[in-house]
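K.L.:
So the sequence lines, in the order shown, correspond to chains A and B.
In this text, residue positions in the first sequence follow this note's numbering: the first is 2, and each later residue adds one.
In this text, residue positions in the second sequence follow this note's numbering: the first is 2, and each later residue adds one.
Misleading hints may appear alongside valid ones.
A pair counts as met if it fits within one copy or between any two copies, since identical chains are not told apart.
[To be verified] Lysine-lysine pairs mimicking DSSO-like chemistry, simulated, CA-CA at most 30 Å apart:
1. 123 to 272
2. 169 to 285
3. 272 to 172
4. 281 to 172
5. 273 to 298
6. 272 to 14
By construction, these hints were calculated from the structure, which means they are not laboratory data.
Number of protein chains: 2
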Amino acid sequence: MFESAELGHKIDKATFDAEEPALRQALLDVQSELLERAKFPVVILIGGVDGAGKGETVNLLNEWMDPRHIRTHAMGAPSDEERERPPIWRFWRSLPPKGKVGIFFGSWYTAPIVDRVIGQTKGAELDRALEEIVRFERMLTDEGALVLKFWFHLSKKAQRARLTELEKSPKTRWRVTDTDWANFERYDRFYKISERALRHTSRAEAPWIVVEGTDARYRSLTVGKTILESVRKRLDEGDRHAVASIAPPVAATIDDVHLLRTLDMTTTLSKKSYEDELEKLQGKLNLLTRDAGFTKKRSAVLVFEGADAAGKGGAIRRVTGAIDARQYAVVPVAAPTEEERAQPYLWRFWRNVPRRGKLTIYDRSWYGRVLVERVEGFCKERDWLRAYSEINDFEEQLDRHGTVVVKFWLHITKEEQLRRFEEREAVSFKRYKITPEDWRNREKWEAYERAVADLVDRTSTEIAPWTLVPAVDKYAARIQVLRTVCDRLEAAG
Amino acid sequence: MFESAELGHKIDKATFDAEEPALRQALLDVQSELLERAKFPVVILIGGVDGAGKGETVNLLNEWMDPRHIRTHAMGAPSDEERERPPIWRFWRSLPPKGKVGIFFGSWYTAPIVDRVIGQTKGAELDRALEEIVRFERMLTDEGALVLKFWFHLSKKAQRARLTELEKSPKTRWRVTDTDWANFERYDRFYKISERALRHTSRAEAPWIVVEGTDARYRSLTVGKTILESVRKRLDEGDRHAVASIAPPVAATIDDVHLLRTLDMTTTLSKKSYEDELEKLQGKLNLLTRDAGFTKKRSAVLVFEGADAAGKGGAIRRVTGAIDARQYAVVPVAAPTEEERAQPYLWRFWRNVPRRGKLTIYDRSWYGRVLVERVEGFCKERDWLRAYSEINDFEEQLDRHGTVVVKFWLHITKEEQLRRFEEREAVSFKRYKITPEDWRNREKWEAYERAVADLVDRTSTEIAPWTLVPAVDKYAARIQVLRTVCDRLEAAG
């Protein structure tokens, strides 16, 4: 992959000086158009060999373009807040919003490649990490981001020459550290592993652009022109960028047998048994969340979904009632804010991912994409179809980090919902809970049922299984929820 | 202050059981009204003696109210991201938005009191910290927050009894640590110092509510009712809460002599001198920001204000051109986002305060409050009048933490502005820079001049002085900016 980047590309000063002013102006122009139309974010990754001009190029881009609308992220050692969350979290929090440019100096490639070079991981682990990256980048591009990945390359000979040259002058000597020479010793291994990484992750939607780093003028013009052309093209494409849906239609059940209808909705629990069980399970949950096994190594994400009036709020309160208030946060999911709308849809859930020893309880969640957004047509079919695998990826990141993911669907019958709606409307202080929207959603009961069956089929995984809770009887439902949370935390150890 | 909290207040079970259901319902009701109308945030502080039921009360509040709209913040040891910013930063980032409740378990009082108790600080330092707290809380309440401060008290005898009792049962023994007993030894000192803290900071706008902690039923009802009544009252007050302006009018200069007119607008610099100086100063700035004295101990905040077309962007680019892109972020200040509008106006500037070794460059800033908002009447007179001291407090926090604050006003003449506007409109690629708003602002030139004179008089402090930059000659202006930044960083050492 690096062959073309060892040819000794060069641009002479006269050519550079002739081209630079127009390029700068054109970059400023597309940047301001990007900002005005705010259709998509530009994510620029900078990676490659030491001494190949990565830092210089980033500085140059900030000089050429309007630095007010670029944010450069030096991804050095993670902070403690970052270490206590899945590795990708720090990149999520730094993603540029629509209309802006984000430059990642050091990226999600750095750790997988470096860990493999120093022998901390095996080849299979690298491949898995790369597979995850491919899926992450596909999500970004599907969400509309323009992802530009630059790899700065130097041949071994050129790198040695570069380091030696920098060392000669007292002005630049400080830039060459022992680490640089140690890295140089590993050149061949780094070459092989990064070639593998680039090969695996160079896809149509986010290809790598390998740039020979020897000649500053050549690499600057290359990067500048690539950015210009890519942004220009995407701006001109307008909505034509959107690919036509190529997904096969989701098969509807042709008989009347489906998952939710197999639930036993007649389960009940006496008040006495409920109170006994509640006390026992809340005590257990309290101990489990206070245990050092949890507070020092784990965190948890609880997801509550369900039909309107299925009793999510009540179930959540029985869970929070058992846990120290300092350990949990409940995130009610309503319409996204302006800042959230300028990001991929999973962003607002990522931003609430808990630190070590904490729990985040989502009252409705990222499943809105394949529930309300699907049923109401708020997003296109291709968008909610891809959401299933994006969601699985998200939950896998959480699980791998040690975050326990517990998901509940609280189910009631259509008749029971009607009864509860009417009851709520009759009781003055509960009236605010019923909105015209609730009545409208009710008319789409069957479409929701189908969406739920699909989401369970597609996202109930070993690491993050769905628990379907018959909730006509609130006592039984709450006990099932509490018991499931306890079981999952206990199993996580 | 604690006398009434040592009287042995008690509520019997029958009374409690009779009152609790109605209280819970009323709390839920005000909470949902608060959320719907989203007029103000509720900030609840929980402090006091160990063993006085702080944790239990916080848990109870979460049980009584809807936990989806409460966020409880356990303010334990700060994270590294927090330690690299002024101490108050972590509270700013955790403030509840309008319509929500934020409970701070451990608050901005904790460190000042504890540091004094263990003898790490002197009395004068405590007093200064308390003075800052008073100003911070006044800002919060002026911005509309309802601030409720609960102090849980136990007499010495009661605390000893409580700790001994907890130790007796194997079920609660874990809750008593050596630290608790060590703290008990310091009871008298803690009593004295916290009494002083409460006395200094109990103000009409945010009084302390001291609660005797011995009896769980008494303290729970007290806290619940206080919250209920306070929120209810504020909701009912509506806009009557707003106090009438009692500020004297700002004196207008009655002659034509004022600050901006004393600037020598004829300063010029030749292109040759400019280029020489630019190279020299950019090299110097680069070294200063790379120096370990800066990267390990300091950070910087640069503020650029000025008339439209005064050349802020160009000056900023000459500064960023000297610094590694990984070290700075430029924050262009436009209309606040929805999340920002739900917070005190300084919140969006606090959120961008740099970590150690970094610089944040604000292109327009918190001074918008006393410039555009004042002149255009976007906020009330009493609001922009109090902003001067709030801004001074903000900058003092930055300075005390080691953040260098550099502020520029770039000034041009009215004639020069006209020339630049016309020039920009003539050049196609600069046209986007001129908006109808720019022409409107121009009509208020004299009002802006007066606002600038006031802002300099009131916020040019020793720690954060204003630099007024005559900017008709761009070369001279940029050099003055660069030189000032270098001087300030150098002086900070």
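K.L.:
Are the hints correct? Go through all of them and say.
P.N.:
Verification of the supplied hints:
{"no.": "1", "hint": "123 to 272", "result": "neither (55 Å within a copy, 59 Å between copies)"}
{"no.": "2", "hint": "169 to 285", "result": "between (67 Å within a copy, 21 Å between copies)"}
{"no.": "3", "hint": "272 to 172", "result": "between (80 Å within a copy, 26 Å between copies)"}
{"no.": "4", "hint": "281 to 172", "result": "between (70 Å within a copy, 14 Å between copies)"}
{"no.": "5", "hint": "273 to 298", "result": "neither (36 Å within a copy, 62 Å between copies)"}
{"no.": "6", "hint": "272 to 14", "result": "between (85 Å within a copy, 23 Å between copies)"}
The structure fails to meet hints 1, 5 from the earlier list, while all remaining hints are met.
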